[in-house]
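S.K.: First residue of the sequence shown? That's 29 in the numbering used here, and the numbers climb one at a time after it.
Hint data in this document are derived by calculation from the structure and do not stem from the laboratory. Keep in mind it's a predicted model, so treat the numbers as computed, not measured. Check the hints yourself; a few may be wrong.
Here are the simulated distance ranges between beta carbons [what the hints assert, rightly or not]:
| hint | residue 1 | residue 2 | range |
| --- | --- | --- | --- |
| 1 | I262 | L200 | 21 to 29 Å |
| 2 | E144 | I262 | 31 to 39 Å |
| 3 | W264 | T82 | 22 to 30 Å |
| 4 | E100 | L265 | 38 to 46 Å |
Yeah, the Cβ is synthetic: ideal placement off N, Cα and C, and Gly gets one too.
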Amino acid sequence: MSTSIWDCVSAPAPRYMLRLDVLNRLFDTYLKDRAFRFLEIGPGLGDVGRYLETFENCTAGVLVDFSEQSSEHLKKRFAGSAGVSVQYGDIMQLEELSDFDVMLAFEVLEHVENDEQMLAGIAQKLVPGGLFFMSVPAYQKKWQRQDEYAGHLRRYERAELNSKLRNAGFELLEIVDYGFPLTSLMRPVRWFAYRNRPSEDAVELTKRSGVDRPFFSTKSTQLARLFYWPFQKIQWLFRKGELGDGLIVVARKAR
Numbered sequence: 029m030s031t032s033i034w035d036c037v038s039a040p041a042p043r044y045m046l047r048l049d050v051l052n053r054l055f056d057t058y059l060k061d062r063a064f065r066f067l068e069i070g071p072g073l074g075d076v077g078r079y080l081e082t083f084e085n086c087t088a089g090v091l092v093d094f095s096e097q098s099s100e101h102l103k104k105r106f107a108g109s110a111g112v113s114v115q116y117g118d119i120m121q122l123e124e125l126s127d128f129d130v131m132l133a134f135e136v137l138e139h140v141e142n143d144e145q146m147l148a149g150i151a152q153k154l155v156p157g158g159l160f161f162m163s164v165p166a167y168q169k170k171w172q173r174q175d176e177y178a179g180h181l182r183r184y185e186r187a188e189l190n191s192k193l194r195n196a197g198f199e200l201l202e203i204v205d206y207g208f209p210l211t212s213l214m215r216p217v218r219w220f221a222y223r224n225r226p227s228e229d230a231v232e233l234t235k236r237s238g239v240d241r242p243f244f245s246t247k248s249t250q251l252a253r254l255f256y257w258p259f260q261k262i263q264w265l266f267r268k269g270e271l272g273d274g275l276i277v278v279a280r281k282a283r
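Please put together the full structure from these sequences, using the hints given.
M.R.: Quick look at the structure:
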């Protein structure tokens, strides 16, 4: 596998680049020695799906999004892909999609009103022993205007995620706190940038959140990598703490 995850980045937003660095480490740990067929829920611009399809042990992939705008973008991006397909719709209503070895949902669960029902539905679509990778915004005390603009309904605590995953039939394998110190430094900037954004319908905000990257483009990716590199190293040192503003989870469906 010669492709790097950084070759697949569409828009290098700061928090996103920090998350990708952690995912890169976790994929290397959990996916390199097993054949897998994957499904990603709410894949946004499709960067993770593009990366996973380059794995020699990836047999096929499905990207599902209920945003028509995102789905159209993904269909164009993966038009030449032989192994990855795109479906538009609600994952909970697409009963034909099942028996996946790996499922992924990054920045999705916080948009869902009944998150426990969704976790149970994801577990049903995994094979026994299948892996689930997920990220969510962390710590309700860090709620701010940007969460409202993105259509978030909540932020999560470690214990809460562990309990909800266990109730859905998962075993928690790893949970990583990410973002510190860069997201802490950027918090005042985010407050200022989003302070006057008008309130909108949460569903429409959710549909837009995966593809709305107004300040970034692929042209800035290489320069951004150099800037984020030290922050990526620092955040990994603090991954077991509660200083960041996001959590990344690896869980396994009970056999």
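S.K.: All the hints need checking, so say for each whether the structure fits it.
M.R.: Verification of the supplied hints:
1. I262 <-> L200: 21 to 29 Å: The hint (21 to 29 Å, Cβ to Cβ) holds, given that I262 and L200 are roughly 25 Å apart.
2. E144 <-> I262: 31 to 39 Å: holds, 34 Å
3. W264 <-> T82: 22 to 30 Å: Holds, since W264 and T82 (Cβ atoms, about 23 Å apart) stay within the stated range.
4. E100 <-> L265: 38 to 46 Å: At roughly 40 Å between Cβ atoms, L265 and E100 fall inside 38 to 46 Å, so the hint holds.
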